[in-house]
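These two chains come separately, so use the hints to put the complex back together.
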Amino acid sequence: MGRANCPTGHVSMGVTMSEPHDDDGIVLTEAQKRARRSRSIAIALALAVLVILFYVMTLVKGPGVLVRPI
Amino acid sequence: MSLISEGADFHRPLPAHAAIAEPSLATVGDYITLMKPRVMSLVVFTALVGLAIAPGSLHPFTGFTALLCIAVGAGAAGALNMWYDADVDAVMTRTARRPVPMGRVQPGEALAFGLTLAGFSVVTLGLLVNWLAAGLLAFTIFFYVAVYTAWLKRSTPQNIVIGGAAGAFPPMIGWAATTGSLSLEPVLLFLIIFFWTPPHFWALALYRADDYARAGIPMLPVVNGAANTRTQILLYTLILVPLGIAPWPLGYTGAVYGMVAAVSGAIMLMLSWQVLRERAPAERASRNLFAFSILYLFLLFAVLLVDRGWGGLIARLAT
Numbered sequence: 000m001g002r003a004n005c006p007t008g009h010v011s012m013g014v015t016m017s018e019p020h021d022d023d024g025i026v027l028t029e030a031q032k033r034a035r036r037s038r039s040i041a042i043a044l045a046l047a048v049l050v051i052l053f054y055v056m057t058l059v060k061g062p063g064v065l066v067r068p069i
Numbered sequence: 000m001s002l003i004s005e006g007a008d009f010h011r012p013l014p015a016h017a018a019i020a021e022p023s024l025a026t027v028g029d030y031i032t033l034m035k036p037r038v039m040s041l042v043v044f045t046a047l048v049g050l051a052i053a054p055g056s057l058h059p060f061t062g063f064t065a066l067l068c069i070a071v072g073a074g075a076a077g078a079l080n081m082w083y084d085a086d087v088d089a090v091m092t093r094t095a096r097r098p099v100p101m102g103r104v105q106p107g108e109a110l111a112f113g114l115t116l117a118g119f120s121v122v123t124l125g126l127l128v129n130w131l132a133a134g135l136l137a138f139t140i141f142f143y144v145a146v147y148t149a150w151l152k153r154s155t156p157q158n159i160v161i162g163g164a165a166g167a168f169p170p171m172i173g174w175a176a177t178t179g180s181l182s183l184e185p186v187l188l189f190l191i192i193f194f195w196t197p198p199h200f201w202a203l204a205l206y207r208a209d210d211y212a213r214a215g216i217p218m219l220p221v222v223n224g225a226a227n228t229r230t231q232i233l234l235y236t237l238i239l240v241p242l243g244i245a246p247w248p249l250g251y252t253g254a255v256y257g258m259v260a261a262v263s264g265a266i267m268l269m270l271s272w273q274v275l276r277e278r279a280p281a282e283r284a285s286r287n288l289f290a291f292s293i294l295y296l297f298l299l300f301a302v303l304l305v306d307r308g309w310g311g312l313i314a315r316l317a318t
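Residue numbers (numbering that gives the first Met the number 0), protein chains in the order written: chain A, 0 to 69; chain B, 0 to 318.
Here chain B stands alone, though its shape is the one from the complex (with noise of 0.2 Å):
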């Protein structure tokens, strides 16, 4: 007997459903959304910002590449996590709607889909920009799927602490696709990224905290109770604030920056610090430290863009 046909039994009448497979009603708009496009844009836009500001020269189509290679292997983790979490998806409120929970997009297609993705993106961007910046692409993809998604997730509430640092490298890919290489300032950016992370989703996950609990996510609200995440909020604030303000002093930027990195810092300690005072069931004061902290990043990020790199850029569309 072969090895083939020991395990299988090819008399069988398969399941209808096995034999049947439906012709897939999958539309252009389902696969956008299996990319995340939310989530794609900050990547791309915090991404921008560390090829922006690196020292050094790139050809404005190379870094156009950079970025779509950077958006598309984005697009894939995003759709690796959905194939992954379509069963935790199809639970909670927020994600109920997502393709494949909806059935709309086959698990099997979702997954292909990105793993074609992730092999374009991290194959193109090697080739065509330089394969330190794709190397820490196809590890970012895979720290977000296999790390976070599979993992951690699903088994500590350190969860999105550690993962977030997936959501912090893209200014580091950035940065390596414009010199090739990687220095302080990029790790500076990303540690800005990776502590800002906790504050942004333990706000959501306060008032999202019985969705999660449903779908027996262990969120930090879940696990350690609402007290104890709002005081996490606040330390991992405390510390996120003066990392803002540092590309001032370490002379990375210019006052402009250090002034408004001062501000929306107070800002963020002070919406912070209600959300610690704030008692359930009110939620009123997570949700504006939720949407603030948005803010916040973009205009960190987008400060240094302008002080720094625009200059930047425009000289090498110049030249």
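Excised from the complex, chain A in its bound form (with noise of 0.2 Å):
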């Protein structure tokens, strides 16, 4: 079965004949997709900045970065 908004912003079980079918499955909240584009915004910029980080450093190391002792 579907789940869809309840106004209290949780989900909440059951589904009524305007609101989205059963194969819809989870139907988030606008507080959910709002906290859950926050989160993946930030997870965009982290990876953003560990590539930034891996190609700056490969420029400060030059020629040598890949050798290194083990």
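Please keep in mind that the hints were generated in silico from the structure rather than gathered at the bench. Check before you lean on any hint, since a few could be wrong.
[Unchecked claim] Label pairs and their computed distance ranges (CB to CB):
(1) B/Leu234 x A/Arg35: 48 to 54 Å
(2) A/Ile42 x B/Ile293: 30 to 36 Å
(3) B/Pro106 x A/Leu46: 21 to 27 Å
(4) B/Ser180 x A/Ile42: 35 to 41 Å
These figures come from a predicted structure and were not determined experimentally. Quick reminder that beta carbons are idealized off the backbone N, C-alpha and C, glycines included.
Here it is, written out as structure tokens:
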């Protein structure tokens, strides 16, 4: 059974005629969508920082970056 | 019958809360709170001092990378601590509003977040800076989570004495990031923070004893009583103050540091003496000591940074 939004902001069980079809699966509330979006942006930024970090450090270390003691 | 099917009954319906996982309402702010940003700032500052006063050259971007990794590693330890301690956090007034006890972040999410940050911070520090610093960071996270949080915190009144080592490692990690080795000087910085931790936390525990008792945490005032704690605060401060001054006679720093360490150390001793003389339920002296102890550590490391490290940093930026 699919789940629809309830006024309290929580996911509730049950479907009415005007609500999404069973196949829609979990339907997020606006608050949950906003929270998910902010988390997604934060993860994207963290990954971008990681890429930049490795790119700049490769430039800083120069050609010898692959030569390191094990 | 296979090993997999032996222990499980796949026909039994799951309980409602297990079958339907509530979509998370956790915000980025909740995850930042999990990383204990105030603790992280002190960790970064002490690591910066270790990194800056160490001999040798370090590219500024490498230094930035090292500090970032140390900050993220500290955040990972904080998140794992909040995951493990969610039950006691919920009982204590000071910690009840943390994201896990509030239900804004699920325990599993906090665990996954902490483990991910720990892995990334250690591996990145190892790949981009050096593996000694990475190893020390990994050990610090392990020590804080496994030794302090999971073991000592709930089992002995010496929890913050031994567990305090976790908070004392950052200057050593910073030093190792610059030099790739260790020596007496970073060990001295370690010892200063190590002996600073008991008076700092026990001063807090004196006026939060009820909170700790309710949560079942065997802090020294809960187990041995306030009088014993006050005596031990003074004893640890008597060890701390000479250690704080030691970098000056050992020739690691100048007279300005020596004077700041001596004056601020004298204030620490005076406040510890006032704590000893104070009688419950009064707690003013304990609060004063707790507040000043933060300033004391900050002063020592800030003067050390200016006296020893700042010139080094500027020289490194110039080259």
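Each hint, compared with the structure:
1. B/Leu234 x A/Arg35: 48 to 54 Å: Holds: the Cβ-Cβ distance is about 52 Å, inside 48 to 54 Å.
2. A/Ile42 x B/Ile293: 30 to 36 Å: holds (33 Å)
3. B/Pro106 x A/Leu46: 21 to 27 Å: holds (25 Å)
4. B/Ser180 x A/Ile42: 35 to 41 Å: About 36 Å separates the Cβ atoms of serine 180 of chain B and isoleucine 42 of chain A, which means 35 to 41 Å holds.
In the structure shown, no violation is registered for any of the earlier numbered hints.
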